[in-house]
Amino acid sequence: MRISIVGSGYVGLVSGAGLSEVGHHVACMDIDQARIENLQKGIVPIFEPGLEDMLQENMRQGRLEFTSSMEEALAGAQVLIIAVGTPPDEDGSADLSHVLAVARSIGELIEKPLVVVVKSTVPVGTCEKVSAGIARELERRGLDVEFTVASNPEFLKEGAAISDFLKPDRIIVGVDNEKAEALLRELYAPFNRNHEKLLCMDVRSSELTKYAANTMLATKISLMNELSNVAQLVGADIEHVRNGIGSDPRIGYSFIYPGAGYGGSCFPKDVRALERTASQHGYEADLLKAVEAVNNRQKHKPFELLSRHFDGQLDGLKVAVWGLSFKPNTDDMREAPSVVLIEALISAGASVRAHDPEAAEEAGKIFNGREEFSTFEDPYSAAAGADALVLMTEWKLYWAPDFDRLHESMNQAVIVDGRNIWSPEVIRRRGMTYHAIGRP
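Sequential numbering of the sequence shown, starting at 1145, is according to the numbering used here.
Keep in mind that the hints were calculated from the coordinates and are not lab data. Be a bit skeptical, because a hint or two may be false.
[To be verified] Beta-carbon label-pair distances, calculated as ranges:
#, residue 1, residue 2, range
1, His1384, Arg1248, 54 to 62 Å
2, Tyr1427, Lys1185, 44 to 52 Å
3, Ala1326, Ser1567, 54 to 62 Å
Think of the CB as a built atom: it goes at the ideal place given N, C-alpha and C, for glycine as much as any other residue.
Sequences are here, hints too, so could you generate the full structure?
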């Protein structure tokens, strides 16, 4: 099939790579000319394991191309996927300006039947707005061209997006006619061979499913962090509690790891957007507000642990931070807890010595010109001479560090484990001080 994808960001590139990998011909379009020129040279603007190699190979095979022309994207396309960003607006709702701009462009240029698929994360009712936008432009042109707008939300985890796309748990499709459904079944047939993964439903339910999934996961994280704070107050160990409740199959172990809060481009934005949608319909979603409030508070937890240890006297201290991205296997620092920590440390007069295997360049942009912030290519170099070390992202290379080396090189051997991945006993028997989330 001939597929076009408008938006060559995270979702668009992963989708383009995955669809071309199974034999479809894909054209990825973006209005950012510089980005398209770099992609044509094989330069990928984001870090995602396996993505660059897959994009380059499918370009070599002639199944994948990049363009900044909407006319070229529409030419010959059977399906056009909208994968542009929906950043949060000032009131927390999703900004649909990019999505609706694509709809207008489609209406201005479409000449033959087309299935338009909205893969961007959008509030309920957006597909109807996209359809209306296309129809208005067609009416203005005096044309009657058959088109359908379907919902097809993405469920990609940053750091594992290629695997998620090629081996999906489910493929959600919201569609209102059989012809479009048949076309989308054909599109996703290569990913649906092992067992039936395609779940077809009405468009509005499909749109809500994406928000519901992310909100459910965010709720589990915030609830576990709330429990971790209670555990710390009563002298319990939240890790023992986690194992105790995770063994219950009704609860399970996924997304019940206490830590410094969630970040990234999805959970924070989607929780706020769903809460805003509820408010617009006259419903106060108190639980959603609490999920966000708990998460925002939890991001300050590592700083609170440090401040308590040093009796609030952080001025002049050197603090090493391991991990800057909001999660491992990505360079994404959007709403990362590390940013909250670093800003608080600098405001308190401390200097920060940071390490991250992928996000150091992004951190340099965020803290550009801040002489109190520096990055190092090696984690031990970042920790050398530090008064404290804070783990913020659980990259694999941090899981089994040389604590003896750290003890010898640090000015003060104070450890704050913001992800609870280290053993308190292993660290404390070396004469080091250990603080964690919800642990005595």
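These are the hints, each one checked on the structure:
Separation of His1384 from Arg1248 is about 56 Å and conforms to the stated range, judged on CB atoms against 54 to 62 Å. Distance hint for Tyr1427 and Lys1185: a CB-CB separation of about 49 Å, consistent with the stated range 44 to 52 Å. Between Ala1326 and Ser1567 the Cβ separation comes to about 55 Å, which falls inside the hinted range of 54 to 62 Å.
When each numbered hint is compared with the structure, no violation occurs for any of them.
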